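Listed below are the residues making up each chain.
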Amino acid sequence: MELSVNSQALAYLASAILFIFALKGLTHPATARRGNMYGMLGMAIAIGATLMGAEVQSYGFIIAGVLAGAVIGGILAARIQMTAMPQLVAALHSFVGMAAVLVAIGTFLNKAAANALNPVLMGELSAGIIIGAITFTGSVIAFGKLQGLISGQPVKFAGQHALNAAIALATLALGVHFALTGSGWSLTLMTLLAFVLGVTLIIPIGGADMPVIISMLNSYSGWAAAATGFTLGNNLLIIVGALVGFSGAILSFIMCKAMNRSIFNVVFGGFGSGDGGGGDSAGAQAAAKGVKSASVEDAVYWMEDANKVIIVPGYGMAVSQAQHSVKELMELLNARGVEVKFAIHPVAGRMPGHMNVLLAEADIPYDAVQEMDEINPEFATADVCLVVGANDVVNPAAKTDKSSPIYGMPILEAGKARQVYFLKRSMRPGYSGVDNLLFYQDNTSLVFGDAKDTIEGMCTALKGGGH
Amino acid sequence: MSETLLAFYVFVLSCFIGYYVIWGVTPSLHTPLVALTNAISGIVIVGALLVTGLESAGTAAELMGFLAVLLASINVFGGFLVTHRMLSMFKKKAK
Chain A
1 MELSVNSQAL
11 AYLASAILFI
21 FALKGLTHPA
31 TARRGNMYGM
41 LGMAIAIGAT
51 LMGAEVQSYG
61 FIIAGVLAGA
71 VIGGILAARI
81 QMTAMPQLVA
91 ALHSFVGMAA
101 VLVAIGTFLN
111 KAAANALNPV
121 LMGELSAGII
131 IGAITFTGSV
141 IAFGKLQGLI
151 SGQPVKFAGQ
161 HALNAAIALA
171 TLALGVHFAL
181 TGSGWSLTLM
191 TLLAFVLGVT
201 LIIPIGGADM
211 PVIISMLNSY
221 SGWAAAATGF
231 TLGNNLLIIV
241 GALVGFSGAI
251 LSFIMCKAMN
261 RSIFNVVFGG
271 FGSGDGGGGD
281 SAGAQAAAKG
291 VKSASVEDAV
301 YWMEDANKVI
311 IVPGYGMAVS
321 QAQHSVKELM
331 ELLNARGVEV
341 KFAIHPVAGR
351 MPGHMNVLLA
361 EADIPYDAVQ
371 EMDEINPEFA
381 TADVCLVVGA
391 NDVVNPAAKT
401 DKSSPIYGMP
411 ILEAGKARQV
421 YFLKRSMRPG
431 YSGVDNLLFY
441 QDNTSLVFGD
451 AKDTIEGMCT
461 ALKGGGH
Chain B
1001 MSETLLAFYV
1011 FVLSCFIGYY
1021 VIWGVTPSLH
1031 TPLVALTNAI
1041 SGIVIVGALL
1051 VTGLESAGTA
1061 AELMGFLAVL
1071 LASINVFGGF
1081 LVTHRMLSMF
1091 KKKAK
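Keeping their order, the protein sequence lines are chains A and B. Take 1 as the starting number for the first sequence in the numbering used here and just add one per residue. Take 1001 as the starting number for the second sequence in the numbering used here and just add one per residue.
Hints listed in this document are in silico derivations from the structure and should not be mistaken for laboratory results. Be aware that a few hints might be false.
What the hints assert, rightly or not - Dumping the calculated DSSO-like pairs for lysine-lysine here, alpha-carbon to alpha-carbon at most 30 Å: (1) A/341 with B/1093; (2) B/1093 with A/416; (3) B/1093 with A/327; (4) A/341 with A/292; (5) A/416 with A/292; (6) B/1093 with A/463; (7) A/327 with A/341; (8) A/402 with A/257; (9) B/1092 with A/416; (10) A/327 with B/1091; (11) A/416 with A/308; (12) A/257 with B/1092; (13) A/24 with A/341; (14) A/308 with A/463; (15) B/1092 with A/308; (16) B/1093 with A/308; (17) A/341 with B/1091; (18) A/341 with A/257; (19) A/292 with A/308; (20) A/24 with B/1092; (21) A/24 with A/156; (22) B/1091 with A/463; (23) A/402 with A/327; (24) B/1092 with A/341; (25) A/24 with B/1093; (26) A/292 with A/327; (27) A/341 with A/463; (28) A/308 with A/399; (29) A/416 with A/399; (30) B/1092 with A/463; (31) A/327 with A/308; (32) A/308 with B/1091; (33) B/1091 with A/111; (34) A/327 with A/463; (35) B/1092 with A/327; (36) A/257 with B/1091; (37) A/402 with A/156; (38) A/292 with A/156.
Note that the structure is predicted; figures quoted are calculated from it, not measured.
My request is simple: use the sequences and hints to build the entire structure.
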């Protein structure tokens, strides 16, 4: 059976509508899974309609590619640890970018063989290749930083912005030259330069700005798909590309706003001094600075008789894989009639919503997990706030110290709780390199040690029975 | 109106749909949103199929197409499955 062009176009329309419903499903956790199903159905229709169209005549390579991709994708999806989700997403973004580059070059070869090249098409091809190539290498670098293969520190050198601008201009000039002349040399050079640009654009950005970078690359992968749609004259790709592109752009905006920084500041500013003090004898350093440290038992003493405990998770919780212990702590406290809530800052973790997924993985019900604006008024009524691996997002300097680099960033008002316990490895400041004023507050104590060990210790103490 | 301009119409209007739909997504599902949009952007597979499946495609184009089909399929399958896995973990408090 072969689909006519019009039936195929209608199938594509159905597929586009299903994708919109898929995204719409994510409005609420209760409808989200159905949304994902709509997405799968939309994709199946799109692929089916394409295969049944008149243009696709040979199937050998296609079947091999789809089967291999299904196996690899299936294994990745089943095996990946939830803490490693940012890496997986970065890797998948790079695949979309590379696929867009390959499709554009393949289209060029096919059209050249058929003598069907024209400047508009070649201009669109240039756009597809440039965006795809930047997405590819940019995502590879992001993956490397997240996976710890390359340093998460911002890599900066003199003349960096000038170099980037020069590469970008040269890439664009080659793109225009290619569009006008069809020169294979321009095409090759342009592609290579765009790959380089992806590296030089992302390398200066520090690990903790990853929520913005992941969102931005998400956006790029959408624009790459849209550009491919223009080259192929395929409306489905254009629609989907625009949806994904905007999704990433909006996420980038939300993340930037949560840090009170502009996207330019993140992309070009590269802040984050990284390691502050050394790791030796955290307790001694703390005492020297006038910070109280507390034992696990102290914290448990306050928590077991509390009415309400609010837990603020951060990237440190992901690093020490403490989410399951946190869940146990929650259950033990609940059993004693203590209400436990979780407060999530939008940029906690390495990608948007990272903490929510980790807590969900540990089987913590989503109605106990609240966003910043929702939970902030509640800190004043909490007896204990437990900060697990977060730092800058609870730093009152953001509100009070005009000279602080994080001034103006919206924070979780953890300091308003009656008692604040910080689970920390050392006295190292957060990624902004700013000292946390909350440490010096009278009601704050630091509990030093690995987050997971500390929380397990708390659980043991709670199980050990009361006072 | 030229075909390119028509495509541009579709593009701009889709941007508006994207804008309004995405603002409705709850922040707690932002990670699944990234994973799902990732899966959906695997739609470049359509382009890959068209390049690979063309009867007159040369060996080089076929090879490019094959690699693109492979990469895009990893995205499609990996993206949807991992989104499903994540969403299955979001549970309400047991009554």
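Q. Does residue 156 of chain A lie within 30 Å of residue 292 of chain A when you go C-alpha to C-alpha?
A. violated (37 Å)
**Q.** Straight-line alpha-carbon gap residue 327 of chain A to residue 1091 of chain B, limit 30 Å
**A.** Cα-Cα ~14 Å, so holds.
Q | Proposed proximity, residue 1092 of chain B with residue 257 of chain A (alpha carbon, max 30 Å) | A | At roughly 29 Å apart (the allowed maximum being 30 Å), residue 1092 of chain B and residue 257 of chain A satisfy the hint.
Q. Taking 30 Å as the top limit, are the C-alpha atoms of residue 24 of chain A and residue 1092 of chain B close enough?
A. Roughly 20 Å between the alpha carbons, so the hint for residue 24 of chain A and residue 1092 of chain B holds.
Q | Hinted pair residue 292 of chain A and residue 327 of chain A, Cα distance within 30 Å | A | The given pair, whose Cα atoms are some 27 Å apart, holds under the 30 Å limit.
Q | Distance restraint between residue 1093 of chain B and residue 463 of chain A, which requires alpha-carbon spacing of 30 Å or less | A | holds (23 Å)
**Q.** Pair hint residue 402 of chain A and residue 156 of chain A, alpha-carbon separation not exceeding 30 Å
**A.** holds (26 Å)
Q.
Hint check: residue 308 of chain A vs residue 1091 of chain B, CA-CA at most 30 Å. Holds or violated?
A. Judged against 30 Å, a Cα distance of about 22 Å means the pair holds.
Q: Below or equal to 30 Å on CA atoms is what counts here, so check residue 1092 of chain B against residue 341 of chain A.
A: Roughly 14 Å between the alpha carbons, so the hint for residue 1092 of chain B and residue 341 of chain A holds.
**Q.** Satisfaction of hint between residue 292 of chain A and residue 416 of chain A, Cα-Cα up to 30 Å
**A.** Given that 30 Å is the threshold and the Cα spacing comes to 17 Å, the pair holds.
Q: Quickly compare the C-alpha distance for residue 327 of chain A and residue 463 of chain A to 30 Å and report which way the hint goes.
A: This hinted pair holds, its Cα atoms lying about 14 Å apart.
**Q.** Given pair status - residue 463 of chain A, residue 341 of chain A, alpha carbons within 30 Å
**A.** At roughly 20 Å apart (the allowed maximum being 30 Å), residue 463 of chain A and residue 341 of chain A satisfy the hint.
The structure shown violates the earlier hints numbered 21, 23, 33, 38.
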